[in-house]
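Make a model of the complete structure from these sequences and hints.
Number of protein chains: 2
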Amino acid sequence: MPLFMDIHRDVEGSFEDVVGAHEMDLEKQEEHGVEYKHFWMDEEEGTVFCLFEGPSKEAGERVHEEAHGLTADEIHEVTEGH
Amino acid sequence: MPLFMDIHRDVEGSFEDVVGAHEMDLEKQEEHGVEYKHFWMDEEEGTVFCLFEGPSKEAGERVHEEAHGLTADEIHEVTEGH
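Those protein sequences? They're chains A and B, same order as listed.
Counting in the working numbering, the first sequence runs from 1 upward without gaps.
Counting in the working numbering, the second sequence runs from 1 upward without gaps.
Source of the hints: derived by calculation from the structure; they are not laboratory data.
One thing to keep in mind: the hints can contain errors.
Repeated chains share a single entry, so a pair holds when one copy, or any two copies, can fit it.
[Claimed, not checked] Only pairs whose alpha carbons sit at most 20 Å apart, straight line, appear in this in silico EDC-like list of lysine to aspartate or glutamate:
hint: 1; residue 1: Lys57; residue 2: Glu74
hint: 2; residue 1: Lys37; residue 2: Asp73
hint: 3; residue 1: Lys37; residue 2: Glu58
hint: 4; residue 1: Lys57; residue 2: Asp42
hint: 5; residue 1: Lys57; residue 2: Glu43
hint: 6; residue 1: Lys57; residue 2: Glu31
hint: 7; residue 1: Lys57; residue 2: Glu45
hint: 8; residue 1: Lys57; residue 2: Glu44
hint: 9; residue 1: Lys28; residue 2: Glu44
hint: 10; residue 1: Lys28; residue 2: Asp10
hint: 11; residue 1: Lys28; residue 2: Asp42
hint: 12; residue 1: Lys28; residue 2: Glu66
hint: 13; residue 1: Lys28; residue 2: Glu43
hint: 14; residue 1: Lys28; residue 2: Glu45
hint: 15; residue 1: Lys57; residue 2: Asp17
hint: 16; residue 1: Lys37; residue 2: Glu80
hint: 17; residue 1: Lys57; residue 2: Glu16
Written out as structure tokens, the structure reads:
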């Protein structure tokens, strides 16, 4: 399954708010064959990175859209290195 | 130890080239108290994300500088969510 990293900019709210939004993603993701794996937040600048597996960029985007409406500014299909 | 995500844009070269650069980071990182943990590459667009722990943004940047000279376009101090 392809892997994706998205970037959200100018996110308002705290880390705890994003934890809440992420939980909504987890409730929606199965419908779209997506698995949100981790996220990272720069709380000072309001930047959030989400790493997810899924069939396409659009599938991940649809999860965000239906879960809480906060869609990403960029989505990159990525290969992971260690 | 704080956690950081950096973004490199317009990286030329393949995933294997980035694997090589990352290995150079791993050789240099101890000198600066840094631990590069993972990276992700969008090979089509030449975007690379690096996740590292370290004392500061500058410490991570210095590792890239001394290892191979390919410094990041952005560095974000982040908190990880699951």
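Results of checking the hints against the structure:
1. Lys57 to Glu74: Within one copy, since 10 Å is at most 20 Å while 23 Å is not.
2. Lys37 to Asp73: Answer is within; shortest intra-copy Cα gap is 19 Å, inter-copy 25 Å.
3. Lys37 to Glu58: within (17 Å within a copy, 28 Å between copies)
4. Lys57 to Asp42: between (22 Å within a copy, 13 Å between copies)
5. Lys57 to Glu43: For Lys57 and Glu43, the Cα distance is within 20 Å only across copies (15 Å; inside one copy 24 Å).
6. Lys57 to Glu31: within (15 Å within a copy, 38 Å between copies)
7. Lys57 to Glu45: Answer is between: at 14 Å across copies they meet the 20 Å cutoff, but 24 Å inside does not.
8. Lys57 to Glu44: The answer is between: 14 Å across copies meets 20 Å, while 27 Å in one copy does not.
9. Lys28 to Glu44: For Lys28 and Glu44, the Cα distance exceeds 20 Å both inside one copy (28 Å) and across copies (29 Å).
10. Lys28 to Asp10: Classified as neither: same-chain Cα gap 23 Å, cross-chain 33 Å, threshold 20 Å.
11. Lys28 to Asp42: For Lys28 and Asp42, neither the intra-copy (24 Å) nor the inter-copy (26 Å) Cα distance is at most 20 Å.
12. Lys28 to Glu66: Answer is within; shortest intra-copy Cα gap is 7 Å, inter-copy 44 Å.
13. Lys28 to Glu43: Neither, since 24 Å and 29 Å both go past 20 Å.
14. Lys28 to Glu45: Close neither inside one copy (27 Å) nor across copies (29 Å); limit 20 Å.
15. Lys57 to Asp17: neither (23 Å within a copy, 25 Å between copies)
16. Lys37 to Glu80: Both ways: Lys37 and Glu80 sit 13 Å apart in one copy and 11 Å across, limit 20 Å.
17. Lys57 to Glu16: Neither: 25 Å inside a copy, 24 Å across copies.
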